[in-house]
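There are 2 protein chains.
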Amino acid sequence: MGKKIKSAITPTREQDYPGWYQEVVKASDMSENSPVRGCMVIKPWGYAIWENIMNQMDELFKKTGVKNAYFPLFIPLSYLEKEAEHVEGFAKECAVVTHHRLEPDETEGGLKPAGKLAEPLIVRPTSETIIGESMAKWTSSYRDLPILINQWANVVRWEMRTRMFLRTSEFLWQEGHTAHASREEAMERTLQMLDLYAKFVEEQLAMPVIRGRKTPSERFPGADDTTCIEAMMQDKRALQAGTSHFLGQNFAKGSGIKFQNEAGQEEFAWTTSWGTSTRMIGGMIMVHSDDDGLVVPPRVAPAHVVILPIVKKGGDNRPVLENAQRLKDVLEEKVYHGKPVRVEIDSRDIGGARGWDWVKKGIPVRIELGPRDIEQNSVFMARRDRPANAKESMNREDFISQITDILDHIQETLFNRAMAYQKENTFEMDDKNKFRKLFQKAKGYNNGAFVRAHWCGSDDCEALIKKELSVTIRCIPFDSPTEEGQCIYCDKASSRRVLYAKAY
Amino acid sequence: MGKKIKSAITPTREQDYPGWYQEVVKASDMSENSPVRGCMVIKPWGYAIWENIMNQMDELFKKTGVKNAYFPLFIPLSYLEKEAEHVEGFAKECAVVTHHRLEPDETEGGLKPAGKLAEPLIVRPTSETIIGESMAKWTSSYRDLPILINQWANVVRWEMRTRMFLRTSEFLWQEGHTAHASREEAMERTLQMLDLYAKFVEEQLAMPVIRGRKTPSERFPGADDTTCIEAMMQDKRALQAGTSHFLGQNFAKGSGIKFQNEAGQEEFAWTTSWGTSTRMIGGMIMVHSDDDGLVVPPRVAPAHVVILPIVKKGGDNRPVLENAQRLKDVLEEKVYHGKPVRVEIDSRDIGGARGWDWVKKGIPVRIELGPRDIEQNSVFMARRDRPANAKESMNREDFISQITDILDHIQETLFNRAMAYQKENTFEMDDKNKFRKLFQKAKGYNNGAFVRAHWCGSDDCEALIKKELSVTIRCIPFDSPTEEGQCIYCDKASSRRVLYAKAY
Numbered sequence: 004m005g006k007k008i009k010s011a012i013t014p015t016r017e018q019d020y021p022g023w024y025q026e027v028v029k030a031s032d033m034s035e036n037s038p039v040r041g042c043m044v045i046k047p048w049g050y051a052i053w054e055n056i057m058n059q060m061d062e063l064f065k066k067t068g069v070k071n072a073y074f075p076l077f078i079p080l081s082y083l084e085k086e087a088e089h090v091e092g093f094a095k096e097c098a099v100v101t102h103h104r105l106e107p108d109e110t111e112g113g114l115k116p117a118g119k120l121a122e123p124l125i126v127r128p129t130s131e132t133i134i135g136e137s138m139a140k141w142t143s144s145y146r147d148l149p150i151l152i153n154q155w156a157n158v159v160r161w162e163m164r165t166r167m168f169l170r171t172s173e174f175l176w177q178e179g180h181t182a183h184a185s186r187e188e189a190m191e192r193t194l195q196m197l198d199l200y201a202k203f204v205e206e207q208l209a210m211p212v213i214r215g216r217k218t219p220s221e222r223f224p225g226a227d228d229t230t231c232i233e234a235m236m237q238d239k240r241a242l243q244a245g246t247s248h249f250l251g252q253n254f255a256k257g258s259g260i261k262f263q264n265e266a267g268q269e270e271f272a273w274t275t276s277w278g279t280s281t282r283m284i285g286g287m288i289m290v291h292s293d294d295d296g297l298v299v300p301p302r303v304a305p306a307h308v309v310i311l312p313i314v315k316k317g318g319d320n321r322p323v324l325e326n327a328q329r330l331k332d333v334l335e336e337k338v339y340h341g342k343p344v345r346v347e348i349d350s351r352d353i354g355g356a357r358g359w360d361w362v363k364k365g366i367p368v369r370i371e372l373g374p375r376d377i378e379q380n381s382v383f384m385a386r387r388d389r390p391a392n393a394k395e396s397m398n399r400e401d402f403i404s405q406i407t408d409i410l411d412h413i414q415e416t417l418f419n420r421a422m423a424y425q426k427e428n429t430f431e432m433d434d435k436n437k438f439r440k441l442f443q444k445a446k447g448y449n450n451g452a453f454v455r456a457h458w459c460g461s462d463d464c465e466a467l468i469k470k471e472l473s474v475t476i477r478c479i480p481f482d483s484p485t486e487e488g489q490c491i492y493c494d495k496a497s498s499r500r501v502l503y504a505k506a507y
Numbered sequence: 004m005g006k007k008i009k010s011a012i013t014p015t016r017e018q019d020y021p022g023w024y025q026e027v028v029k030a031s032d033m034s035e036n037s038p039v040r041g042c043m044v045i046k047p048w049g050y051a052i053w054e055n056i057m058n059q060m061d062e063l064f065k066k067t068g069v070k071n072a073y074f075p076l077f078i079p080l081s082y083l084e085k086e087a088e089h090v091e092g093f094a095k096e097c098a099v100v101t102h103h104r105l106e107p108d109e110t111e112g113g114l115k116p117a118g119k120l121a122e123p124l125i126v127r128p129t130s131e132t133i134i135g136e137s138m139a140k141w142t143s144s145y146r147d148l149p150i151l152i153n154q155w156a157n158v159v160r161w162e163m164r165t166r167m168f169l170r171t172s173e174f175l176w177q178e179g180h181t182a183h184a185s186r187e188e189a190m191e192r193t194l195q196m197l198d199l200y201a202k203f204v205e206e207q208l209a210m211p212v213i214r215g216r217k218t219p220s221e222r223f224p225g226a227d228d229t230t231c232i233e234a235m236m237q238d239k240r241a242l243q244a245g246t247s248h249f250l251g252q253n254f255a256k257g258s259g260i261k262f263q264n265e266a267g268q269e270e271f272a273w274t275t276s277w278g279t280s281t282r283m284i285g286g287m288i289m290v291h292s293d294d295d296g297l298v299v300p301p302r303v304a305p306a307h308v309v310i311l312p313i314v315k316k317g318g319d320n321r322p323v324l325e326n327a328q329r330l331k332d333v334l335e336e337k338v339y340h341g342k343p344v345r346v347e348i349d350s351r352d353i354g355g356a357r358g359w360d361w362v363k364k365g366i367p368v369r370i371e372l373g374p375r376d377i378e379q380n381s382v383f384m385a386r387r388d389r390p391a392n393a394k395e396s397m398n399r400e401d402f403i404s405q406i407t408d409i410l411d412h413i414q415e416t417l418f419n420r421a422m423a424y425q426k427e428n429t430f431e432m433d434d435k436n437k438f439r440k441l442f443q444k445a446k447g448y449n450n451g452a453f454v455r456a457h458w459c460g461s462d463d464c465e466a467l468i469k470k471e472l473s474v475t476i477r478c479i480p481f482d483s484p485t486e487e488g489q490c491i492y493c494d495k496a497s498s499r500r501v502l503y504a505k506a507y
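Quick mapping for you: the protein sequence lines, in order, are chains A and B.
Residue numbering for the first sequence follows my numbering, starting at 4 and increasing by one per position.
Residue numbering for the second sequence follows my numbering, starting at 4 and increasing by one per position.
Careful: at least some of the hints might be erroneous.
Pairs involving identical chains hold if they fit within one copy or between any two copies, as the list cannot separate such chains.
Below, in silico cross-link-like pairs of lysine-lysine (DSS-like), each with a Cα-Cα straight-line distance of 27 Å or less [unchecked claim]:
1. Lys85 / Lys261
2. Lys70 / Lys337
3. Lys29 / Lys65
4. Lys261 / Lys446
5. Lys331 / Lys394
6. Lys95 / Lys331
7. Lys495 / Lys140
What the hints contain is simulated information worked out from the structure, not anything from laboratory work.
From a predicted model like this one, the values you see are computed outputs, not experimental measurements.
Modelling step: build the complete structure from the supplied sequences, incorporating the hints.
Structural data, given as structure tokens:
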């Protein structure tokens, strides 16, 4: 029997998947809990990933004609009252602003809220209502359409149980809202944005996704159609990584978005909305990371290469530090997907912990550089997609000339690995007992699978499966062919398989 | 006498400067008031300017080693209580969150706040306190320093009287916070960031600024030194366009930012903070715009060129539209300061209003393109730094090859014009009666001047000048030489001139 290899992260994925997740986030220095319950501090290593996501996604949005705007943080209470009218047992978890001043509390000491607002304000859970009102104001003629707006912002939805990046009371996201003169154009935009999300998540985050549409019961309230992308985490649960909604004329009717068409008649606009959030980072962590910590795909990595000069306490470290700087400079002249390669130097004199810090941060490439490497014109290289101890000596010029290929190769490896994992854990299933057994015993790291099985189309079957097995229909995949079969729950006739899984 | 030329904006600057400002913002389609009192909607044309500012400033920050992070929107009330202890008559205008749920109001109808929080939360007026707490957690050894953090975010300071971009309850800004192991390093960083701001504002926003330090009474609370940049608006009032504070060890003592130095002793860190906001856009508007509306410097313009194809209702407009698209494509291959030239096509069939729309939006270059221009291989070009009717025919290839030079020339013209204006309206003054008279009659468009005059250094003189004339010492300019003189208020001896002005 081989020696048990100790991993850098305790617990491991097998031992305790949620505990492992928490530890990966902490050890990578991406974020930490804040003194405000349910809100996190996103530290530079975590925020840089979000910046890379924002910058690259934003560029893709703009290529399709979308423009960014910014709407107020606060929503008047009355805006939500309209919404509440249609919802039985309405209760919304959100942050409510009731005062606009702090004054000394003469009786209790400290400060107390003062200056009560005539109408409470809500910290936006989305900007939907207020964007709707603006669009109504901006639209009078067909000439004003389409309106293609996106907002990058913080939103708040009060949460009792939170997990960093996956569910926090405040989170960062983008919400896109578009208004069109025709149904066809709005439907096209809905699918265009879903496709953009899917490509982005697959190409940049190296996360393979299933594209599809939600069942009526899982649709966004007010949407005629909700499309989504679903990714498989390593515990085989699904994470919804983005949604794009076709809202028909419902939203336009609610907000009064009307226009005069070319024939001079008044019509309601056709609208869409679509969003992604910092949750994608939670997905990225759970798809790629291992028992040594975070693994970041090069396309969104805060830095691509860290150089670890071998320094000696009390010795003259200047030559090796200068040499490391020269290596950094020449690497940063290389262009990786339109931007310079990003290089860090870590010259802390803290021994072996230094290299492990960078393993746990998930940087794609680590370079050790000592006097002997310099003498031999070589570098000692390790890749994060390989075991931590698999280091290789490379000729320095070869490394420099190959760096962007190495990064591309790591990106590809991560995607292929995730795709293979998804395939291995996706099954077509027609036996209802097998289906039941699979999900009944699902837990921890082995939390089920992606199951493509038949569904009769009834809300009841869907609800019962959810109740009995905690399994939901993640989507009706676009690639699911028409095929005769029987509902996995009730045996009634079905014409198409849907995607069942446990989900985040 | 010449014919009176009608301007696109009513009122003009001379007629009603604040009214003109409001009208310029509205006519340019940059922003509009929102249903939430004191908050604005930043529309795409306004937000794109902010994006250009963010992207370019962020790049400059990162070159100096600064990294971005994100801190919670909410601050616990207790964090501000600590601050309040030191402030007599403390009252803070801010948004106070007291509840975390909305529920149906059974008696009154509608919704009511529910789920009262044990401790109220404040919507951040700055993230200073919470960043201080994080820094204290992150700092234990000299090896952890410097910490160089910046945040781009929204903040809220409740305001009763608001003006778009200049003063709104919610605004967008960046706040930088750094911690260092030595006084010298922190002081150097303070000045480095002020210098970065000054260069950015001068080079990108084409606004000449005066660099200097605030008097003790105008310092940021808790700062040992506050440095600032001050720009002259067209009404001759000053606008502070950015500040950089040297906080000594005060802030570190308040937040507990301690570290062990190389000798093993515990010390408090030396910190700085520095910030700029969407207020810069208000300054940019007031420095460059004219009675025809907004003027945007090319370096931050949402678009550089608009092509206005001459279309005919009912005619076959395809050839001219296709030709316009080809012109756009070839212009967008040109690189202006590292990024492609940004081109819009406006093919709306709304007559002469179309061209004026773009004048009022302040786009640097307008191109009219009709069948005859295409035939003659020419374009009809107008520049926003020249009168609206000063259009010239140019050879198409010449225009394409010269576009980036034209943009640079416009940028230079705007800066030089603003600099000349600042110089014309800046005086050295030693006569206290002249000084008094100048500011007593100041109002509207002729709201004083920048006056370099002596100050004895007493808080009293400063306060009396402010009270009697609404004039403040904007800064003690760095370029002010040592020079013997007498205080403009009390005649006592002074060794240096300071900068007096009315201010926004």
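A quick look at each hint next to the structure:
In the homo-oligomer, the alpha carbons of Lys85 and Lys261 lie at most 27 Å apart inside one protomer (19 Å), although the nearest pairing across protomers, at 52 Å, exceeds that limit. Proximity of Lys70 and Lys337 under a CA criterion of 27 Å is satisfied inter-copy only: 22 Å between copies versus 31 Å inside one chain copy. Taking the shortest alpha-carbon separations for Lys29 and Lys65, only the inter-copy value of 24 Å comes in at or below 27 Å, while the best intra-copy value is 34 Å. Taking CA atoms no more than 27 Å apart as the test, Lys261 paired with Lys446 passes in neither setting, with 50 Å inside one copy and 45 Å between copies.
For the identical chains of this complex, Lys331 and Lys394 are intra-copy neighbours only, at 19 Å inside a copy versus 50 Å across copies, given an alpha-carbon limit of 27 Å. In this homomeric assembly, Lys95 and Lys331 never come within 27 Å of each other (Cα to Cα): the closest approach is 51 Å inside a single copy and 48 Å across copies. Taking identical chains as interchangeable, the C-alpha atoms of Lys495 and Lys140 are never at most 27 Å apart, the minima being 49 Å within one chain and 60 Å between chains.
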